[in-house]
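Asks: Sequence:
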Amino acid sequence: MTSSVPLLALSGMLLTFVVTLVLFPPYMRLLRYLGIVKTPRSDAPTSHGRKRGTPTMAGLLVVLVVTLATVLFYFFVPGEEQTPGRTRGDYVVQTLTPLLALVSVGALGALDDYLDAIFGRGIRGRHKLIWQASVAVAGGIYIQRHFAITGIFIPLSGEWLIGGVAFIVLAIVAIVGTSNGVNLTDGLDGLSGGTVVFAFLSFAFIAFAREYFFLAVFCTLMTGAVAAFLWFNVHPAEVFLGDSGSLALGATLAVASLTTGFIALLPIAGVIFFIETLSVILQVVSFKVWHRRIFRMAPIHHHFELIGWPEEKVTIRFWLIGALAGIIAAILAFATPVK
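As numbered in this note's numbering, residues 1 to 339 make up the sequence shown, in order.
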């Protein structure tokens, strides 16, 4: 079974890429027809004015394609009698939590995108946080029970034991934090899409290192679908991810990291999301305490725009950082004793 996993993962990535690529043009026309289009934030750099009227809520299509592909691939997994330990039951256990996180948080984001586009006001922040935290608690409990989680792995060291309640708290911080971190990153053409592709590809290898082969396949399904979105999102963007994508992708990535036990590698593989979030926190704290701004604008990608970097340069340089960080995270996973 192990030898067939790379082929399954590769075929899955190509499938979601091609299907999503084909579906995006009619989907974008539908979004434009429904009036689900982008309204740039009022304090955004002036160059962002051209983004007004661009369709958003692209994440919903990514969620739908990955969901259908995950269900489809269930039927390509050998049955119980053929490969004990690598069965359809294992497939369900390893893919259910990330899939439910993708669907549940994606639905929340899609509703927020729709309300914001049609009525000019989306779901309140605290309500979104409550929903994300609820998903995190449910996901954390499921992962603990079905993967016998007793701790987390520290790169190059080994397992660090943590209690049940501590793991749930960690799940809340990871899922809520990463979900909103990707959302903050989704401010430049291609930025969130490219960095998410590298992060999921990294965790596909990390899952393989832990011998969670079907989770690795799921991560490649995500990689293919998001890469197809990126095809239409690179500068100048034809469609935007929206909360339906950014919130869902971040939550799903965090669930994958929790499942592998390598949550400590999430700030590395997802370093851009971590930096973007940290820049906002530092900006808010600095302004409230010292009445001064550290950056010209937060998240930090806007700071670089305002000091003269073209949007494309910011995006590509952040991609390079994300790609290198993803490679480092995968190498650290293979170099860490997990037995």
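What the hints contain is simulated information worked out from the structure, not anything from laboratory work.
Among these hints, one or two may not hold up.
[Unchecked claim] Straight-line distance between alpha carbons at most 16 Å, and here's what the computed EDC-like set of lysine to aspartate or glutamate pairs gives:
| id | residue 1 | residue 2 |
| --- | --- | --- |
| 1 | K38 | E159 |
| 2 | K51 | E211 |
| 3 | K51 | E238 |
| 4 | K38 | E238 |
These figures come from a predicted structure and were not determined experimentally.
Asks: K38 and E159: Cα distance at most 16 Å?
Replies: With a Cα-Cα distance of about 45 Å, the restraint between K38 and E159 is violated, given a limit of 16 Å.
Asks: Keeping to a limit of 16 Å between CA atoms, is the pair of K51 and E238 held or broken?
Replies: Roughly 9 Å separates the two Cα atoms, so the pair holds.
Asks: Is it true that the CA of K51 sits at most 16 Å from the CA of E211?
Replies: Distance of about 43 Å is beyond 16 Å: violated.
Asks: Holds or violated: K38 and E238, Cα atoms, limit 16 Å.
Replies: holds (11 Å)
Hint compliance for this structure: hints 1 and 2 are not met, and every other hint is.
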